[in-house]
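Novice: Chain residues, written in single-letter form:
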Amino acid sequence: MESVLTFLTENKDAIFIIVLSIFLGFEVISNVPSVLHTPLMSGANAISGVIIIGCIILVGHASTTFEWVLGSVALFMATLNVAGGYVVTDRMLEMFKKKKK
Amino acid sequence: MILLNTFMPGPVVLEYSYLLSAIMFVIGLKLQSHPETARKGNFWAAAGMILPMITTLILNKNSAGEGISFANASAVILIIAAGSVVGSIMARKVKMTAMPQMVSFFNATGGAASAAVALIEYDKNPNEAVLVGLLGLVVGSIAFSGSMIAYGKLDGKVGDIFSKVMTWVNLVFMLVITVLVLLVLFGGFEPQINTYLVYSLLVLSLIYGVSFVMPIGGADMPVVISLLNSLTGIAAAMAGFIYKNEAMILGGILVGAAGTILTLQMCKAMNRSLLNVIVGAFGGGGASANQEQGTIKEITLSDSAVLLSYSQKVVIIPGYGLAVAQAQHIAHELESLLENKGVDVRYAIHPVAGRMPGHMNVLLAEADVSYERLIEMDDINPDMPNVDVVIVIGANDVVNPAAYDDPGSPIYGMPIINAHFSKNIIIMKRGMGKGYAGIENFLFFNPKTRMLFGDAKSTLQKLVSEIKSL
Chain A
9 MESVLTFLTE
19 NKDAIFIIVL
29 SIFLGFEVIS
39 NVPSVLHTPL
49 MSGANAISGV
59 IIIGCIILVG
69 HASTTFEWVL
79 GSVALFMATL
89 NVAGGYVVTD
99 RMLEMFKKKK
109 K
Chain B
4 MILLNTFMPG
14 PVVLEYSYLL
24 SAIMFVIGLK
34 LQSHPETARK
44 GNFWAAAGMI
54 LPMITTLILN
64 KNSAGEGISF
74 ANASAVILII
84 AAGSVVGSIM
94 ARKVKMTAMP
104 QMVSFFNATG
114 GAASAAVALI
124 EYDKNPNEAV
134 LVGLLGLVVG
144 SIAFSGSMIA
154 YGKLDGKVGD
164 IFSKVMTWVN
174 LVFMLVITVL
184 VLLVLFGGFE
194 PQINTYLVYS
204 LLVLSLIYGV
214 SFVMPIGGAD
224 MPVVISLLNS
234 LTGIAAAMAG
244 FIYKNEAMIL
254 GGILVGAAGT
264 ILTLQMCKAM
274 NRSLLNVIVG
284 AFGGGGASAN
294 QEQGTIKEIT
304 LSDSAVLLSY
314 SQKVVIIPGY
324 GLAVAQAQHI
334 AHELESLLEN
344 KGVDVRYAIH
354 PVAGRMPGHM
364 NVLLAEADVS
374 YERLIEMDDI
384 NPDMPNVDVV
394 IVIGANDVVN
404 PAAYDDPGSP
414 IYGMPIINAH
424 FSKNIIIMKR
434 GMGKGYAGIE
444 NFLFFNPKTR
454 MLFGDAKSTL
464 QKLVSEIKSL
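Line by line, the protein sequences give chains A and B. So the first sequence is residues 9 to 109, counted in the numbering used here. So the second sequence is residues 4 to 473, counted in the numbering used here.
Hint data in this document are derived by calculation from the structure and do not stem from the laboratory. We treat Cβ as the ideally placed atom computed from N, Cα and C, and that holds for glycine. Wrong hints could be hidden among the right ones.
Unchecked claim - Pairwise CB distance ranges, derived in the manner of DEER restraints:
hint : chain 1 : residue 1 : chain 2 : residue 2 : range
1    : B       : K127      : A       : K20       : 15 to 25 angstroms
2    : B       : E375      : A       : W76       : 18 to 28 angstroms
3    : A       : E75       : B       : D458      : 18 to 28 angstroms
4    : A       : F34       : B       : S468      : 42 to 52 angstroms
5    : A       : W76       : B       : Q464      : 50 to 60 angstroms
6    : B       : G191      : A       : D21       : 25 to 35 angstroms
7    : A       : F74       : B       : E18       : 26 to 36 angstroms
Said to hold, decoys possible - If you want the footprint, here are the derived chain B segments under chain A, 3+ residues with CB under 8 angstroms:
hint : stretch
8    : 19–31
9    : 75–84
10   : 253–261
11   : 299–310
12   : 364–373
13   : 445–457
Construct the complete structure from the given sequences, taking the supplied hints into account.
Specialist: Encoded structure:
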């Protein structure tokens, strides 16, 4: 039990952020017209590519072969997620824009 | 860079760049919830991603206080450049009809990245954080393999497995994964054995992702993609927890929460519970399967042309068949042609028509269909009795009246577009096959219904030239 208490104390800030972000996420997304569900899902998917920061830190300090190989693959994948995600979302939204008369 | 680190409060700049990035994510998502501002929102979110990438590369220091070396930074930049080029090309090349697959694929890559980061980093932190690392590994792996299967299914490369056994198999997987996590945490094994356990965890999670998506069929794919999307967000947040990185935690959890809300909204649109979707009992059979069928009436192209040209109100109900046949442009041509003859043409959009929520809106937007003509289900249903002709193009389950009057049907209770209330119904279909949900549609046997068999695109083309020659 002691380790649980230590965990909760030491990671207090992160836990605060997590709990409040959950509410924020619910609040921001509710009441979206279904027209926008697909682009929004795609846009949110691009944001989940934020793992790219972790990959940069990982490859940035990579020293062993294991870290280099797996880290590089992870960074490449994350970049696909981020770049592809934003471009696909933009392509969808661009079409919504165009037909406004 | 060295200058920056010596004379400027680097860590503070880095931390606050994360705060700024988090704010941009929130603003971006908020703007993306409204049609007029959506595109701007996407730019905000993208900027919110690029900013922490740059500051991390310049200012990040490991626990020993070392910055990122020039060699490593060069590697990072090279890989990001390569990934950006490949990712953008894929995203630019993909057809609008294949959009759901693409999103699913990009979701898989994000999940894989999270799993990889968790695999490398889980044991480099104080004991208490190992749990978070393992969770990141499990969730990321499930998101990866699950998304790849969803991608394969949407692309028609992977079939469905409907079996009650899968429910039990999946329960066993979940149990074993939980036990393994607990063993690593509290088992007190040698590091070597723990490593084996963690790799077994990785493999099991990957298999679980496959077996989790495998039995979920057809009509439920949109829900699954949304769910997997929120899992990827959670995995990224877990990895962020390992690094104590606020931008990653907030971004990941935002996506996790937003994805969950979207998932629940979709379940609601189909009148099913999330558990019901995950168990995957949907598709095929149903108590109503052996009811009397009635007769089918066909309609010729010229009759359809005349009927449409002399109507006042026409409503087009598009479904996945329209997407598959790439018939959105020709549908738009039909619409403008009729509009020139003084017919009022609108599109009725069911929230889950196609393979993703809003799929039809995106497709028709691509074909330059005016935004105001796309009417949502709840807004068009009250007007249905006044509609002269309804044309159902490649849609099936979303107009199936069994949702109202057949308690034995799997889609009973799902809101549908009330095509059966209109005065005439023309159904364009390739054959008498069942819809994606695998159930019979009694709208086809309605006395007001006439069938126009053939591929959606070529039939529409013929119909357009028929109307032109009137």
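Novice: All hints, please: hold or fail.
Specialist: Hints, one by one, checked against the model:
1. K127/B / K20/A: 15 to 25 angstroms: Holds: the Cβ-Cβ distance is about 21 angstroms, inside 15 to 25 angstroms.
2. E375/B / W76/A: 18 to 28 angstroms: About 54 angstroms separates the Cβ atoms of E375/B and W76/A, which means 18 to 28 angstroms is violated.
3. E75/A / D458/B: 18 to 28 angstroms: Violated, at about 53 angstroms.
4. F34/A / S468/B: 42 to 52 angstroms: 51 angstroms, holds
5. W76/A / Q464/B: 50 to 60 angstroms: 55 angstroms, holds
6. G191/B / D21/A: 25 to 35 angstroms: 29 angstroms, holds
7. F74/A / E18/B: 26 to 36 angstroms: 29 angstroms, holds
8. 19–31: holds (count 3)
9. 75–84: Holds: 6 residues of the stretch 75–84 of chain B have a Cβ under 8 angstroms from chain A.
10. 253–261: holds (count 9)
11. 299–310: Since three or more residues must qualify, the claim that chain A covers the stretch 299–310 of chain B is violated, with 0 doing so at under 8 angstroms.
12. 364–373: Check passed, 7 qualifying residues.
13. 445–457: violated (count 0)
Going down the numbered hints, you'll see the structure goes against 2, 3, 11 and 13, while the others check out.
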